[in-house]
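Protein chains in written order, with our numbering: chain X, 364 to 669; chain A, 17 to 469; chain B, 3 to 388.
Think of the hints as simulated: they come from the structure by calculation, not from any bench.
Careful: at least some of the hints might be erroneous.
Residues on chain X that point at chain B, a partial pick, calculated with CB under 7 Å [stated by the list, open to error]: (1) H452; (2) L456; (3) A461; (4) G464; (5) K471; (6) G587; (7) P633; (8) L638; (9) A639; (10) I646; (11) L649; (12) A650.
By construction, the Cβ of each residue, glycine as well, lies at the ideal position given by its N, Cα and C atoms.
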Amino acid sequence: MNWIFDLIAATLRTATPLVFGTIGETYAERAGVLNLGIEGTMYAGAFSGFAGAYLTGSVLVGLALAVVVGITSGAIMAVMTVTLGANQHVSGLGLTIALVGLSDFSNKLLFSGSGTDLKRIEPFPAWDPFAGLGDVGAIFNQYGLTYVAFLVVAPVAWWVLGRTPLGLSIRAVGENPEAADAAGISVARIRYLALMIGGGLMATGGAFITLAVLGSFTLDIIAGRGWVCIALVIFGRWRIWRGVGGALIFAAVFSLGLRLRIVPGGDAVPPELLLALPYLAVIAALAVSGRNVAYPGAYLKPYRRT
Amino acid sequence: MRILYGLTLPDSGEIQVGGQVVNIRSPRDAIAVGIGMVTQHFSLVRPMSVAENIILGRARGVRLDVDAARRLARDASERYGITVAPDAIVGNLSVGEQQRVEILKALARDCRILIMDEPTAVLVPHEVDALFATLRRLVAEGLSVVFISHKLGEVRAICDRVSVLRRGRMTGTVPGSTDERDLARMMVGRPTFGVGRAMADERLVGPPRLRVDHLTARGAHGLDVLRDVSFAVAPGEILGVAGVSGNGQTELGEVLSGMRRPTAGSVRVDDVELAGATPQAIMAARVGRIPEDRHACLVLDMSVAVNLMLERVDDFLVGGRLDQRRILEHAQDLIARYAIKAGPHDRVGTLSGGNIQKVLLARVLSRDPRVIVVSQPTRGLDVGATEYVRTELLARRAAGAAILLVSEDLDELLALSDRLVVFYEGRIVGEVSAEDADPERLGMLMAGRGVAA
Amino acid sequence: MTRRYDLSRAGIMGATTSGTARVSIMAVLITVGFTTTLFLLAGANPIEAYLQYLVVPLTKQFTLLEVLVASTPILLTGAAVAIAFRAGFWNIGAEGQLLAGAVAAAAIGPLVGDLSPWLAIPLMIAGGALAGAAWVLVPALLRVRLGIDEVVTTLLLNPVALLMVNALLHGPWRDPKTGFPESPRIAASAIYPDLIPKSRLHLGFVVALVVILVAWFVMTRTAAGLRMRAVGLSPHAARFAGMNVERTLLRVALVSGAIAGIAGVGEVAGIQHKLTSGLSSGFGYTGIVVAMLGGLTMPGVLLAGLLLGDLTVGASSASRALNIPSEMGEVVQGVLLLVTVGLLAVRHGRVTRSDPPPDEAEVDLEPAGAGSGEPGPRAPVEPVPI
Chain X
364 MNWIFDLIAA TLRTATPLVF GTIGETYAER AGVLNLGIEG TMYAGAFSGF AGAYLTGSVL
424 VGLALAVVVG ITSGAIMAVM TVTLGANQHV SGLGLTIALV GLSDFSNKLL FSGSGTDLKR
484 IEPFPAWDPF AGLGDVGAIF NQYGLTYVAF LVVAPVAWWV LGRTPLGLSI RAVGENPEAA
544 DAAGISVARI RYLALMIGGG LMATGGAFIT LAVLGSFTLD IIAGRGWVCI ALVIFGRWRI
604 WRGVGGALIF AAVFSLGLRL RIVPGGDAVP PELLLALPYL AVIAALAVSG RNVAYPGAYL
664 KPYRRT
Chain A
17 MRILYGLTLP DSGEIQVGGQ VVNIRSPRDA IAVGIGMVTQ HFSLVRPMSV AENIILGRAR
77 GVRLDVDAAR RLARDASERY GITVAPDAIV GNLSVGEQQR VEILKALARD CRILIMDEPT
137 AVLVPHEVDA LFATLRRLVA EGLSVVFISH KLGEVRAICD RVSVLRRGRM TGTVPGSTDE
197 RDLARMMVGR PTFGVGRAMA DERLVGPPRL RVDHLTARGA HGLDVLRDVS FAVAPGEILG
257 VAGVSGNGQT ELGEVLSGMR RPTAGSVRVD DVELAGATPQ AIMAARVGRI PEDRHACLVL
317 DMSVAVNLML ERVDDFLVGG RLDQRRILEH AQDLIARYAI KAGPHDRVGT LSGGNIQKVL
377 LARVLSRDPR VIVVSQPTRG LDVGATEYVR TELLARRAAG AAILLVSEDL DELLALSDRL
437 VVFYEGRIVG EVSAEDADPE RLGMLMAGRG VAA
Chain B
3 MTRRYDLSRA GIMGATTSGT ARVSIMAVLI TVGFTTTLFL LAGANPIEAY LQYLVVPLTK
63 QFTLLEVLVA STPILLTGAA VAIAFRAGFW NIGAEGQLLA GAVAAAAIGP LVGDLSPWLA
123 IPLMIAGGAL AGAAWVLVPA LLRVRLGIDE VVTTLLLNPV ALLMVNALLH GPWRDPKTGF
183 PESPRIAASA IYPDLIPKSR LHLGFVVALV VILVAWFVMT RTAAGLRMRA VGLSPHAARF
243 AGMNVERTLL RVALVSGAIA GIAGVGEVAG IQHKLTSGLS SGFGYTGIVV AMLGGLTMPG
303 VLLAGLLLGD LTVGASSASR ALNIPSEMGE VVQGVLLLVT VGLLAVRHGR VTRSDPPPDE
363 AEVDLEPAGA GSGEPGPRAP VEPVPI
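Given only the sequences and the hints, what does the whole structure look like? Please build it.
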């Protein structure tokens, strides 16, 4: 029985960066922008979080730095796609390439890391409020950021998007920017905000890995989680809670896959197949719904008042 | 109306609201002085609720006060009789209900002057009645309504006064009870005959070359834009299609060009069935198409020479490759023959409107089509280009082509056509020969007042 | 999702017309300005750094050949992406298609030992091309039949391809003796011969040049190429003129995937001689940079590919000589892409803003009583201020 609690705990932990990333990307896409810079933003968040923590000795400063970096990344994406009206997917890819390169570059420069000599920081302490509950308590032995992700960020993000004027504007801008414009909403301003909020969240997701889980930064630390989030956003039909659900499912499958390998006979299913599922599931879902997939109406189109 | 709502800027003149001169440079300015507009193109966010659409852009503070919107909707319902469920999702509403939401939005912004642009174009009859009831109540509450329409019956039913615009000028303002024929005459005026043509011809005998039977097609909003349309065009004849824009003529052109599939009916050219056929097949039947939207049917970033042969790329190959020499010669030939003021390597997008049209003409007419479908051929062209185009069409007619001419320019139709049909709400409501064409009667037909008189 | 007119795509299509070279040169200059700052931060002299990056690799024979080696895969992926983008098919999946081709090469390679190289190598290339085309088939069909945007579908298949490679390497293809995740070596007859002995320059470079030449010929001199370009610039006009837009897109997508697959074959047959997990260092994505920088033309791809190959080699030699992290190469790529795309967008905005020569009276010939109808002809465009 123990291993179920263990699995749940691992799922929550693994899902945390995905939750941040998915919510961040959801905000961007609901405003009408496909932000392929997510992979690079999470990466830059991971690195800057680590660098900030290492250089100042405080993980909180590191986290703050990561958030700033993320917001900046969102702003750059906004300049490209909103102000200049540049092609969204190529802009996002360029941003990812640039941010990954910058992070690795800075890593070499600052820490001249060479594999074995990894810098370490004291990660966020795990928070174990229910330590006394025995085995079940294992579920609650999570990092602070995990609690924050599920109990604070997700509900707040959902509430803001669905129940505040800002969220209403974001949704309108992503669905029908002409209508939003006619209603007096600044389409550009809203898109900037959405991208910057999204960027901050994405970077936090990346920082979670260095600041909480690993305590250090290695190359390829994000390993495609950004692309997973892109899939999860579509899987979640651009809804916050469904995206969170998708993140949990993916994390559960991933953790399960890891554990299955140890079980005799568990070798039969290659873990890679399980990991490929979210991508394949999204493509299948798109194929099945066809034209009826409710993309935000203005998805991928820069807005120009004519 | 676009000027009143701040979508376009005037070159001169002034607008006064309530005796005060106002400066309207954007929809926000218009709203600020109390002008609201409801167009055919709804500016609603479909996945959101009615209440959310109403408060869009006006909500303040941290919490979204949906209750305020609900209250507003209920008030409007009581005061104006506009019933709409505040929590309904706009995308699920009928077109008539969506239009009511648009009106509510305007009212929510304290609009005192409501402009309605062709509001009944998307409504079914009982929704029209509901709309009129609403408008009467609004007016009773002190609202001013500008009701834009070309449908005489409706205008006379709902309007106190009627102002008629013709060719960008006001022809007059008269009471709403004015006789229909007078209104029609104001709309259409005394036509001036431009290009002369050979009058009543002997040659107009012969089996029709283009036959359209019971053609039906569906448009946006799920309504039919073409309803059981039937007509025929004989060789050496120009059949003119008259009608106010938006009554199905555009869609007719699209179906005949192969760019829109009809839902029913047949299109035959010399016994070849072409309804729903590809442009390829239509061209193979020697149908030439001169489309309404020139910019969309030419590759603006490619050269004149390439655009001129784009419809028959495979005829310009040598040894499997494109024959650059012949493409160039072909272009030079057509440029000379059709007086196109451009070089073969010029990008089509840089040409003036008249020359773009000449490129299209050259491309189509040089293949000696037996049927020509042409829409709005002289829209936006200067006098010289207009004369040229009309002369060409008449020459084709003389050469025996069957020509379908769709145009919003009644003068042009009267000058060029042998017969005229009038489109109204997707149907043909009347047919006359050119000699018997009485502008007043045409105006009536175009405005939906049919055969009665 | 039904297809809708995407204004941003038009901006890129404008890349293929005159002024492209200017945009690319400006992009390079702006990037140079940005990277100067980075060089300074790294404590290096910018002039020296540029020399190291761009010039030094070309001065010694060894490094010059390395430049060509580094260019080989990205010339192919660049061509693949450029062809697709030009026709309006946004193939972001060149990375996955490359890996698919590599897998095919690693599968066929060990089996053709008994054949002469004249047979083995073309067979392997054909296999890789097929695999690459197969990898793009589903996204292409989804786009053509159902109108589903291919950006996400091609993108998401990239990590799937990598997972497939890892599954093979950790599973059936794991080297039984060493336990390393590497596939069995391909047969000697399948190995790309070296073009210059004792260098790493292999047949793949020639393959890349041939592909680029053929692609250039097809794009500029054949009817198929004309169709493809027309479809990319204006699908509506192309359809009106009788072209089968869907068929053209499907064909272009498959060709693009095939070329990317051939890139993968080159890495297996020319460099690694087996399948390894580190086979591609983002060649598929770099291909996008190459394609954009090259203005989506084949001559441009050739130049851009060589430039980026030069940068790659220069980055590692500069890192040794000047202590600048070699990752600068990637930063440059990313910034180059951003700047190129940004400049294109600005230019397109300017182009849209100018009206055609006004030599006619634009009288609006609307009959009496008509409504104001649709929004009129496109008014000049202005960016919406914040």
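Against the structure, the hints come out as follows:
1. H452: Given a least distance of 5 Å, the restraint on X:H452 holds.
2. L456: Because about 6 Å separates X:L456 from the closest Cβ in chain B, which is inside the 7 Å limit, the hint holds.
3. A461: Given a least distance of 3 Å, the restraint on X:A461 holds.
4. G464: 3 Å, holds
5. K471: 3 Å, holds
6. G587: 5 Å, holds
7. P633: 4 Å, holds
8. L638: Holds, because the Cβ-Cβ distance from X:L638 to chain B comes to roughly 6 Å (cut-off 7 Å).
9. A639: 5 Å, holds
10. I646: X:I646 check passes; min Cβ-Cβ to chain B is 5 Å, inside 7 Å.
11. L649: 5 Å, holds
12. A650: 6 Å, holds
Of the hints listed earlier, there is not a single one the structure fails to meet.
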